[in-house]
Amino acid sequence: MTEKAQHLLVGIDLGTSQSAIATSAGVREVVDSYVGWPVDAVARKILKKDVLFGQDAVDNRTMLEVHRPLERGLLKEGSDKDQQAIRELLSHLLDLAGVPEIRKSGGKVRAVVGVPAEALRVNKQHVREAMRGLVDGLIIVSEPFAVAYGLDALLHAMVVDVGAGTTDFCVMKGRYPTEEDQRTLTNAGDWVDEQLYTLLGERHPGMSVSIHTVRDWKEKYSFISHESGPVTVSIPIGGKPSEIDITEEMKQACESLGPPVAEAMLDLIAGVESEYQEKVRKNIILAGRCSKMPGFGQYLENAMEQFGGGKVKVVKDPVFVGANGGLVLAQDAPMSDWEKLPG
Amino acid sequence: MGIPPPRGGSMSAQRRLKRRLFEGMAAENLELIHNQPRGTIRRQRQDRLKRVQRRRRRALLAGGSLVVVAGVVLTFGLRTDARADRSEAVTAAAVFEPAVQAPPVTRPTDRFGGLTDVINGNQVQPIERGVIPLAVRTIVVDPGHGGKDSGTLLPQYGILEKEITWDIAERLRLLLETEFSVVMTRNGDDTVALKQRTEIANQSNADLFVSIHVNWLPDREARGFETYFAGSTVDPFLKQLAAAENQDSGFSMADTRRLLDGIYSGVRLEESRRMADWVSQSLFDTLRLRNPDVVDRGVMRAPFVVLVATEMPAVLAEVACISNDREARMLGFPWYRQSIAEALYSGIKGYARELSAPKKGEST
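If you read the sequences in order, they're chains A and B.
When you line the first sequence up against the working numbering, it's residues 14 to 356, in that order.
When you line the second sequence up against the working numbering, it's residues 431 to 794, in that order.
Hints in this document: simulated from the structure, not taken from any laboratory.
Each hint should be verified, as a subset may be incorrect.
As the list claims (entries may be wrong) - Only some residues are given here: those of chain B computed to face chain A with a beta carbon under 7 angstroms:
{"hint": "1", "residue": "R450"}
{"hint": "2", "residue": "L451"}
{"hint": "3", "residue": "G454"}
{"hint": "4", "residue": "A456"}
{"hint": "5", "residue": "M614"}
{"hint": "6", "residue": "N617"}
{"hint": "7", "residue": "V729"}
{"hint": "8", "residue": "M730"}
{"hint": "9", "residue": "P733"}
To be verified - Beta-carbon label-pair distances, calculated as ranges:
{"hint": "10", "chain 1": "A", "residue 1": "G214", "chain 2": "B", "residue 2": "R650", "range": "18 to 28 angstroms"}
{"hint": "11", "chain 1": "A", "residue 1": "S287", "chain 2": "B", "residue 2": "Q474", "range": "39 to 49 angstroms"}
{"hint": "12", "chain 1": "A", "residue 1": "K61", "chain 2": "B", "residue 2": "D649", "range": "23 to 33 angstroms"}
{"hint": "13", "chain 1": "B", "residue 1": "D649", "chain 2": "A", "residue 2": "E352", "range": "46 to 56 angstroms"}
{"hint": "14", "chain 1": "A", "residue 1": "D258", "chain 2": "B", "residue 2": "G618", "range": "31 to 41 angstroms"}
{"hint": "15", "chain 1": "A", "residue 1": "Q344", "chain 2": "B", "residue 2": "T470", "range": "39 to 49 angstroms"}
Where is the CB? At the ideal position from N, CA and C, for every residue including glycine.
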């Protein structure tokens with residue numbers, strides 16, 4: 014048995030909306046990035062838990078103090094509760110993957126955690142702090158780099174990872190990406206939700222739906238520059254459920270994501286040496302939850318047309334592509350690196 | 431999906447590529463753990479590489495010299511077979527002796543004119559500013575706010591002023607460290623009182639002090655940067671701004687006189703103004719290339735504690751207005767923060783050069 018086989022290797026994609034883990038033992042788990050603590054002793058007694066995660070937390074949010082610690086893809090600062098929430102979330106993911114048992118039995122666990130491309134250094138330090146003592150080795154990388162590595166797109170490629178909190182870009186030039194090779198926009202899934210929520214509120218001032226419901230609609234019916242059937246939903250207006258057509262609002266909200274993403278993509282391509290630009294244009298990888306938005310890939314291809322055209326490939330499994338990439342990185346990382354980078 | 435493997439490369443090329451990626455990844459993580467500025471490890475590696483290359487070049491040169499010497503000895507040896515009695519060893523030095531020798535280097539006599547007199551106290555006339563070139567060796571970089579004091583908020587990104595100032599300060603440190611010794615007033619997200627910051631600067635015998643802040647103005651259309659040096663102001667907004675920035679300064683009433691004396695010590699005030707001019711000009715020249723809408727809001731006096739209580743020329747730069755949507759967005763881009771750092775660096779360097787260059791016609 015080799016040195017690596019004795020240990021558990023882990024890839025984690027720490028996302029605003031969902032966080033995923035993939036391990037060398039074949040475990041794949043995903044959790045909505047919500048953490049909630051019962052507001053009082055009564056709530057604790059009803060819920061029978063000290064802390065709830067993911068959908069469980071969202072469903073019981075009236076009894077909880079709910080935190081979404083990675084708003085806009087960055088660990089919020091200045092709130093101890095958010096720091097605690099991120100540690101609880103990471104700890105929960107590792108629990109789901111059976112990490113504590115492995116460590117108890119003397120095995121070593123080494124993790125690669127993906128964070129937004131332009132996460133500030135302070136944020137990366139907070140993530141490292143949150144992981145302290147939970148694993149034996151820790152490497153923090155930019156999320157789109159993990160995606161690119163997992164897909165073996167190491168040279169003349171660009172990853173556009175459209176998540177909930179951020180859209181991350183990373184051009185692979187055959188080197189570890191520097192700041193100039195990466196970019197992060199806060200125009201992403203949550204931003205579309207906010208646009209849709211505002212547009213619907215303007216049209217139906219009396220509507221009473223939460224941003225969570227609007228998010229669900231976006232997940233089901235979103236589209237960009239794509240012929241879609243009418244989108245009809247039931248909204249309580251003035252206390253009375255009403256069937257309304259939100260096709261136009263959905264189209265407007267989703268399409269507002271296109272221009273900033275296309276602009277940033279083209280800007281990064283423009284920074285590539287001219288002889289390689291065509292290769293990069295023909296190797297754009299669209300990842301992240303919003304990559305499944307019908308017509309998004311086509312929209313980006315259309316944006317590249319006036320610059321000589323390009324090809325956008327949409328990843329098959331946007332939920333786990335980042336965690337899988339982290340796992341591949343963990344598997345390939347030399348032992349000498351792990352020794353230098355404790356958990 | 432079938433993402434193609436790296437093109438045009440063999441397996442060993444791919445292994446090399448991956449090794450490079452892992453080197454970069456490990457370096458970034460190590461810098462994070464040891465709280466080192468970005469690029470430190472890469473720079474150290476490059477320095478090591480340069481040293482090795484230098485050694486190799488020297489070795490090659492020495493080897494080459496030996497070959498030449500051997501060649502010369504052989505040639506002369508063969509020629510001198512017939513005149514062996516006259517032959518002498520030919521050294522490498524002889525081979526490389528220049529045909530014409532340079533004149534001997536002589537020490538200039540009192541290059542700075544009256545410097546000897548000044549040092550000996552014989553000269554009582556006002557000293558020209560440029561007569562004693564002053565070297566800038568240590569620069570204090572003060573990233574505004576930090577720890578519990580978050581400063582203002584960049585709402586679109588959920589980023590705090592303390593993060594922006596730290597990021598720019600780190601970039602500036604990297605640039606300055608190529609020529610100067612740099613002292614940071616905080617090393618990460620620490621809460622450091624203003625008094626402590628000035629003490630750090632004063633105790634490190636620094637030559638210059640630069641404080642980095644980000645502005646928030648009630649007029650959301652207002653944009654651009656401002657550069658401050660110590661002094662009193664009658665502008666009510668600046669008074670308010672200074673009061674806000676000076677909160678929890680850590681200074682007591684008893685310190686007032688010393689602080690006020692400090693402001694009005696003419697030389698420091700004048701030098702601070704000069705440095706502020708340099709920094710302001712450089713910010714404008716650099717940033718307008720990236721942000722054509724940038725506005726130079728001017729060089730101004732204000733009684734910020736970090737400017738008042740430091741004992742060296744000191745400036746405070748409000749590098750952008752995050753209350754302006756466009757500038758807030760720009761601040762979100764690393765290349766813009768890098769441009770700000772480069773602008774500050776260039777301004778500081780320009781001032782330092784001016785200070786160290788002998789110049790005539792300016793009296794203190």
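Evaluated hints:
Below 7 angstroms, beta-carbon pairs count as interface contacts, and R450/B has one with chain A at about 6 angstroms; its hint therefore holds. Against a cut-off of 7 angstroms between C-beta atoms, the interface hint on L451/B holds, since the closest Cβ of chain A lies about 5 angstroms away. Annotation: G454/B was flagged as interfacial toward chain A, and the flag holds, the nearest CB pair being 2 angstroms apart, inside 7 angstroms. Given the 7 angstroms rule on beta carbons, the hint for A456/B holds: about 4 angstroms separates it from the nearest Cβ of chain A.
Violation of the interface hint for M614/B is found here, the shortest Cβ-Cβ separation to chain A being roughly 13 angstroms, above the 7 angstroms cut-off. Using the Cβ-Cβ criterion of 7 angstroms, the hint placing N617/B at the interface with chain A is not satisfied: the shortest such distance is roughly 12 angstroms. Taken as an interface hint, V729/B does not check out: its beta carbon lies about 30 angstroms from the nearest beta carbon of chain A, beyond 7 angstroms. A distance limit of 7 angstroms between C-beta atoms decides the matter here; for M730/B the minimum to chain A is near 29 angstroms, and the interface restraint is violated.
The criterion of a C-beta within 7 angstroms of any C-beta in chain A is not met by P733/B, whose closest approach is roughly 28 angstroms, and the hint is violated. Checked against the hint of 18 to 28 angstroms, the pair G214/A and R650/B passes, with Cβ atoms roughly 23 angstroms apart. Restraint check, S287/A to Q474/B: a C-beta distance of roughly 32 angstroms breaks the suggested window 39 to 49 angstroms. Between K61/A and D649/B the beta carbon distance is about 54 angstroms. The supplied range of 23 to 33 angstroms is therefore violated.
The hinted range of 46 to 56 angstroms is satisfied by D649/B and E352/A, whose Cβ atoms lie roughly 55 angstroms apart. Checked against the given bound of 31 to 41 angstroms, the beta carbons of D258/A and G618/B, roughly 53 angstroms apart, lie outside it. Checking the proposed 39 to 49 angstroms range against Q344/A and T470/B shows it is violated: the Cβ atoms sit about 28 angstroms from each other.
Of the numbered hints stated above, those contradicted by the structure are hints 5, 6, 7, 8, 9, 11, 12, 14 and 15, listed in ascending order.
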